[in-house]
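K.L.:
Top line first, the protein sequences correspond to chains S and B.
Going by the numbering used here, the first sequence opens with residue 1, and the numbers climb by one from there.
Going by the numbering used here, the second sequence opens with residue 1001, and the numbers climb by one from there.
Simulated from the structure, these hints should not be mistaken for lab results.
The beta-carbon is built from N, C-alpha and C at its ideal position, and this holds for glycine as well.
Mixed in with the good hints there might be a few duds.
To be verified - List of simulated lysine-lysine pairs, DSS-like, C-alpha gap at most 27 Å:
hint, chain 1, residue 1, chain 2, residue 2
1, S, 771, B, 1042
2, S, 666, B, 1192
3, S, 58, S, 95
4, S, 58, S, 247
5, S, 607, S, 151
6, S, 23, B, 1042
7, S, 58, S, 445
8, B, 1246, S, 760
9, B, 1290, S, 445
10, S, 760, S, 445
11, S, 445, B, 1208
12, B, 1055, S, 445
13, S, 29, B, 1042
Said to hold, decoys possible - Here are the simulated distance ranges between beta carbons:
hint, chain 1, residue 1, chain 2, residue 2, range
14, S, 437, B, 1173, 46 to 56 Å
15, B, 1260, S, 29, 37 to 47 Å
16, B, 1005, S, 29, 51 to 61 Å
Unchecked claim - Among chain B residues calculated to face chain S with C-beta under 10 Å, some are:
hint, residue
17, 1095
18, 1099
19, 1188
20, 1191
21, 1274
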Amino acid sequence: MQDNVGQSIKRLESESKVSGELKYLSDLKLPGMLHCKALRSPYAHARIVRIDSQRAAKFSGVEGVLTRDDMVDNPHFDSHYGPVLKDQTVVALDKVRYVGDLVAAVAATRLDIAEEALDLIEVEYEELGAVFSFEEALAENAPLLHEQVSKPEHGFVDLADVNPVEGTNICTTFHLSKGDLEKGFQNSDFVFENVFTCPSAQHAALETLCAVARLERNGGLTIWSTVQNPFVIRDQIAELFHLPVSKVRVIALNIGGGYGSKLYPKLEPLVAALAWKTRKPVGLTLTREEVFQTITKHAAEIHLKTGVTREGRLLARQCRIYLDTGAYAEIGPRVAKKSGYTAAGPYNIPNIQIDSCLVYTNKVPAGAFRGFGVSQSAWAHESEMDLIARALQMDPLELRQKNLLEEGGEFATGEHVHSFGLRQCVERVASALQWGEKCPPPPQKHLARGKGMACLIKATITPSISSALVRLNEDGSATVYVGTADVGQGSDTIMAQIVSQELAIPVTHVQVVHSDTDLCLYDLTTSSSRSTFHMGRAVQLAAQDIRRQLACLAGRLWNCPVEEVLFANQGVRCVVNDVVHAASYRNLLSASFGIKGANLVGKGTVKTEAVQRNGEPLTSAFWFAGAGAAEVEVDRETGSVRVVRYASAADVGKAINPFFCEQQLKGGAITGIGLALMEQLVYQDGLLINPNFLDYNLARFLDIPEEIIPILVERAHEEGPYGAKGVGETALIPVAPAIANAIEDAVGVRVTDLPITPEKVLRALQEKEQKAQLLEGPTPGRS
Amino acid sequence: MGLNRFEYIEASSIPEASRFLADRPEEARIYAGGTSLLLLMKQRIARPAYLVNIKKIPGLRYIDKNDGTVRIGALTTHHDLEFSPLIRRWLPVISELEPEVANIRVRSTGTIGGNLGFAEPLTDLPPVLIAMDARIKVADESLERLLPLEHLFRGYYETSLRPQELITEIQVDLPAPFFGIKYLRFSMGSDKPLVGCAVGIRIDPESKLCVDARCVLGCVGPTPLRVREAEEALKGLPYRVNSSAKAARIAATACSPLTDLRATEEYKRAIVEVLMRRAVEEAFRRASSKLQG
Ligand SMILES: Cc1cc2nc3c(=O)[nH]c(=O)nc-3n(C[C@H](O)[C@H](O)[C@H](O)COP(=O)(O)OP(=O)(O)OC[C@H]3O[C@@H](n4cnc5c(N)ncnc54)[C@H](O)[C@@H]3O)c2cc1C
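Using the sequences and the hints, build the whole thing.
P.N.:
Now the structure itself:
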């Protein structure tokens, strides 16, 4: 069959996307739907002294205004929510904590009316001291963002041990240690200490955030949302509105890109509260500027201290990581924890100490972002690897080869990694760029070329759970029910390919029903690059469940052993005493049940645990390994950097659709180039001053390298479907350090704070020249 | 934020548009491609009560050449300029720069009239056109006048046009023989340029000395800046590294860039210097390459 596992078929929905037929959530128009607009805080930190919405409420066309007055002592819904810590409120209660924080919201018959009515809401603020940097936030007597924070009753298992540090702006901390750090440094010939920073950034998904809520006659709520984890939203809304989860239905249509920005509650509590208040459906679509004010990537400051021997063996590494989570915890605690595990890099280091500190500041909240904190820590450890290599006069590839975590090696967490093709990734990106051969010098003398590489290890969320249903219809076609949201990554197609493979039916006969909490079984989330591994496997198990049922039916019908039943061409076959029996699924079903209309339902569940069978901890159901190598051209006179070639390798376990995997590698490379060279959110006194794509720079088509070389390494994982692991985040992570390393190779300067703007490169070049002149001393003849 | 409420008017002729603008000088704005104006309106920086769409006015979108002059109608889009064979043949410097202007969406709807009439400092066409001594034709209800493009720009987003006037045409005389022009644009991760630098050089075919020069900077001041002192530094001399470096230094001092989100003043001056040096060299090369044929 042409379209099953291992084939690069196109996405099932490609044509409807290209033709514009595919509907996105902002296309949804429910009868009587009201339009919502939010009033946002103009202050970074302020007490709300008074809020009066009466004039707005009376404005013609306005059907409801939501303010804190609706929250106080409301028996129908709570005011506080949050996935890890309950520090968010539907609208502000006593305080606002960043410019853009939700103060109130209006639902009106038309959007422009809602917008105009915002001006009629009177709010009196009393400004409070605000903190914007790590230093300010962590200073003694710093103004506190949250005086007290509670945890949800039924929180995430993997985060049961994280707690806010009361009386400070420390949201949560993470600590990991292995071996004896001090001894490690003592035994080292050299110790390196460096600080690396990266700014906050935007996900820049094409579709902005959008949510629609409808109160149902039975008191339940239906919520459509651009959300990557509908079940988490369902649980949060159920808790907020005191409803059983059966009365909350969350639906995600096809999503126009997520990259982490569409996880966890964003607009849903607000539209649900307004739907409850107005008794009418309420929809809210954010403008781009509002998305900038809703969710960002964690800015980070990372202090690394590394001890090495003269021969280049890493003996000890200490990582101190500060992550800026903005005004609310969101999923920050998991970002701190997950990125903490891998902060020392994919190396075999006997002595490690890692401390992460997640800090509240009066800025836009930061949440999940493709790479989940690992792009920040890899920026640090991969830059440092090259600094070490340079100091030891060793090839950076060789230094990595000497220290790489190998199959079966013991990781920082104490567990042994398996299905870990890191060495292949590193060596294959190196050979793709002819590592070791000098770049030919460009004809113009102001240009210089260089090569650099970086590698990574990343965890996936563990423990977690995904379940799938497959229904074999009466005509032999199949319907698959998965909680996984198709955010453009092609998950629907992957699931269909798996069913096609298992049941021997063409992909076109498989319908995927996705991300609807009423129809699908529980799935934790579409993130952490986990869907193919977890949901893919659940779908495979569900399809195999159907195969078993089919084999039983065939066995009964033909009196043959079930294990001899074969599956091909949408039917079963069996040879009994040299007689060939064959039937299509359709005929088998009607023959077995004596009626047209019988279906089979298969179920599959994948659940991962925090402990392995051998008793070792399991911090990740599988480990991502990947590497990137860049060839750059630097203009010595302007400092501008062009990525000429980029090679990206990822160990995907098994490429179920190689083209999709390659797209992830290429897309990750392009996003990574933007983050490396230009992206950064800029604040002035707490005000985000570049909240749009004119002022916030993204990589454009002209910035894409002439050549991006995707390399798929396939080291099968025994628990993944056909050996598959995840691939979504791997490719982004090594890009920035690979580029920084290539720049140093080209022109001998090092930038440690992202983004690497031309101005920073030029300044570094000028400083280097001044230093060189100083060393040379005064030229003879001049005095 | 959404747009403010406005009334939308479609003008069918220049006099009609002009009359409407004359009657409501503070409240009405010309609406051509809308690429720049709508952004301002979205940010509520501009809140016009009336938008006068001029795109339906016939006969304003053309690229012609006669009597040694290229004439470009005000409604000509960036895309038209990018792909026009006539431009490619006679004003190739424009075909060269257009693919880098903005992005494909802005290029397909944004017009040259809007590009100039908006007087935004971060643009590419004005310095290049000024380096070619372009003129614009400006019309109101009854009159037409011609003025050097250089005289259009007054300040940030400010032109010398009267409220009732429209730009209808851009005129560029065919370059003299032995004239070479180079435009260099520096940008980083943004659709808009950070610094633009246009240099035109005319040489004497016998002596190969520069007989006339234009050095025009974009993005580093309220208006495009013609650096006459830099031009003087090049005149009467053949191409020399020293003289181009001198002109570049003059330009870097003469301009008045501001530190903003994208770069510091200091850096922008450094870029001006580099671009000017490189543009002078290439303009000389182009001027002399015409010597061979
Ligand atoms: C994202 C972005 C990136 C850009 N990047 C670049 C770039 O790299 N280089 C560059 O050169 N430009 C750039 N621009 C500017 C672009 O060239 C202009 O937006 C475009 O040409 C304006 O044309 P328009 O027809 O859309 O003008 P509109 O938006 O319709 O009008 C703009 C202004 O000009 C006035 N106007 C319009 N037509 C006339 C006329 N005939 N006479 C008098 N006044 C008139 C209007 O009243 C209005 O004030 C960029 C713009 C955007 C939005």
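K.L.:
Which hints from the list above does the structure break, by number from lowest to highest?
P.N.:
1, 4, 7, 12, 16 and 17
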